[in-house]
Amino acid sequence: AQSVTQPDIHITVSEGASLELRCNYSYGATPYLFWYVQSPGQGLQLLLKYFSGDTLVQGIKGFEAEFKRSQSSFNLRKPSVHWSDAAEYFCAVAGANDYKLSFGAGTTVTVRA
Amino acid sequence: NAGVTQTPKFQVLKTGQSMTLQCAQDMNHEYMSWYRQDPGMGLRLIHYSVGAGITDQGEVPNGYNVSRSTTEDFPLRLLSAAPSQTSVYFCASSWGGDYGYTFGSGTRLTVV
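The listed protein sequences correspond, in order, to chains A and B. Per my numbering, the first sequence runs over residues 1 to 113. Per my numbering, the second sequence runs over residues 1 to 112.
The set of hints was computed from the structure by calculation and includes no laboratory data. Any given hint might turn out to be false.
Unchecked claim - Facing chain A, a subset of chain B residues (Cβ under 7 Å, in silico):
#1 Y31
#2 G42
#3 G100
#4 S105
#5 G106
#6 L109
The beta-carbon is built from N, C-alpha and C at its ideal position, and this holds for glycine as well.
All chains should be built: construct the whole structure from the sequences, respecting the hints.
In C-alpha cells, the structure reads:
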C-alpha cells in the first residue's frame with residue numbers, strides 16, 4: 001500500500017529565510033506526487049505536482065520540489081519565505097492508474113518576523 | 001466556475017442522528033472523493049467515485065455511505081452519527097490522477 005511520511009510536524013522559519021519541507025513516500029511503481037497547502041480554515045490548494053520528466057518541478061507561489069527516486073523523497077523548497085506562507089503543508093502520492101490520494105500527516109509552518 | 005461546493009460549512013449533530021453532507025462540482029470531473037481531516041493524521045480517504053453510478057470504499061468507510069447519480073453531485077451520508085465522526089470533511093474532484101484534485105472548503109462536523 002502507498003504511504004507518505006512527513007517527518008517534521010512543525011517548522012518555524014524567519015521571514016526571508018529559506019524553507020525546506022521533507023516528504024518520503026512508499027509506492028511500488030512510479031508515483032504521482034503532489035504538494036498541497038492549507039491556510040487556516042480553508043481547503044487545500046495544489047502547489048505543484050510531479051509525474052515524470054524533469055525531477056525539479058516548479059509550482060505556484062515560488063515553491064519548487066525535487067523528486068529523488070533513490071531516496072523515495074519529494075522535498076518542497078522555497079528560497080525566501082513570506083509571512084503569508086504560514087500554513088499547513090501536505091505531501092500526497094497516487095499511482096498512474098490510481099485516483100486515490102494518500103496524504104502525509106502534514107507540516108505546520110510558522111513564519112516569524 | 002464555482003469549483004467544488006460543500007454544504008453546510010458547519011454542523012452540530014447529536015449522537016445517533018443522521019445527515020447528508022453535500023458536494024457539487026461544475027467542472028465535469030469524473031473522479032470525486034471524500035476525505036476526513038483529523039489533527040496529526042492528515043487526510044484519510046472515506047469513499048471515492050470514478051464516475052456516475054460507480055463508487056468504492058477508501059481507507060475509513062465505516063459509518064458512511066455514498067452514491068453518485070450524476071457527474072456533478074457526490075453526497076456523503078452519516079447513518080448514525082458517533083462522536084468519533086467529529087472531524088473536518090473535504091470533498092475533492094479531478095479529471096484523473098495526473099491532474100491533481102480540486103478541494104472544497106470543507107464541512108466542520110461536531111457530534112455531541
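Cross-check of the supplied hints:
Interface restraint check: Y31 of chain B against chain A, minimum CB-CB distance 5 Å, threshold 7 Å, status holds. Among the interface hints, the one on G42 of chain B holds; its C-beta lies about 4 Å from the nearest C-beta in chain A, closer than the 7 Å criterion. With a cut of 7 Å, the hint placing G100 of chain B at the interface with chain A holds, because the nearest CB-to-CB distance is about 5 Å. The interface hint given for S105 of chain B holds, since its Cβ lies 4 Å from the closest Cβ of chain A, which is under the 7 Å cut-off.
Proximity of G106 of chain B to chain A holds as hinted, the smallest CB-CB distance being about 6 Å (cut-off 7 Å). At a threshold of 7 Å, the smallest CB-CB gap from L109 of chain B to chain A is about 15 Å, leaving the interface hint violated.
When each numbered hint is compared with the structure, a violation occurs for hint 6 only.
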